[in-house]
Amino acid sequence: DAGVIQSPRHEVTEMGQEVTLRCKPISGHNSLFWYRQTMMRGLELLIYFNNNVPIDDSGMPEDRFSAKMPNASFSTLKIQPSEPRDSAVYFCASTIFGGIGIQYFGAGTRLSVL
Amino acid sequence: QQQVKQSPQSLIVQKGGISIINCAYENTAFDYFPWYQQFPGKGPALLIAIRPDVSEKKEGRFTISFNKSAKQFSLHIMDSQPGDSATYFCAASKGAQKLVFGQGTRLTINP
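Residue numbers (this note's numbering), protein chains in the order written: chain A, 1 to 114; chain B, 115 to 225.
Chain A with its partners taken away, still in its complex shape:
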């Protein structure tokens, strides 16, 4: 299995631009999580989905952030408009809902907003 696949690995953009991060979970997994990692705040859960349905988006920092999961094999995290304080590494993770709880993380997308 290829694991959780995230793209792009690196994204550099200018303030005000729209940014879209993509995630392909492990085949057969039905829970998907988006995290943000920064030095100051550590690893924060932004939102998670079970069976493509958003369950908890209380970690989404503000309305500029949105996430979708149109099908079991694809999810996006969008930031519009982006700001320098959004610079971070964004991780996607997947697991089997109701399973033993192991979340498998992708390699992350390093976002730099100039």
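For the record, the hints were derived by calculation from the structure and aren't laboratory data.
Misleading hints may appear alongside valid ones.
Stated by the list, open to error - The calculated DSBU-like cross-link candidates involving lysine-lysine, where the alpha carbons are at most 35 Å apart (straight line), are: (1) K212(B) with K78(A); (2) K68(A) with K208(B); (3) K119(B) with K78(A).
As the structure is a prediction and not an experimental result, all values here were calculated from the model.
Since chain A is already given, all that's left is putting chain B on it; use the hints.
Chain B in isolation, oriented as in the chain A frame:
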């Protein structure tokens, strides 16, 4: 109530020594306590996890000790090796879904 406090922030251990990282939580509803290991440029990966019905779990050189009454748990790495140098995160959740992570410990094993 949702916080998990992790210490120390950084740790340097000699090769062959024991590395100990501690975590404390507040929410008594938490019932799943994993430790994740992260190497530079990679995503976190599960190392070992415990549920509160046991006080200790061992997998190879890695041991979790769990103290339910004190609401604390710790990771012990025996015979620490340079390849163990990484950032370690404790976490906690109710139902193994919404993980709350500690701030992380950067571990360096000196050869």
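Do the hints match the structure? See the list:
1. K212(B) with K78(A): Distance of about 21 Å is within 35 Å: holds.
2. K68(A) with K208(B): Status holds; Cα separation ~24 Å.
3. K119(B) with K78(A): Within the cut-off at roughly 30 Å; holds.
In summary, this structure violates none of the numbered hints.
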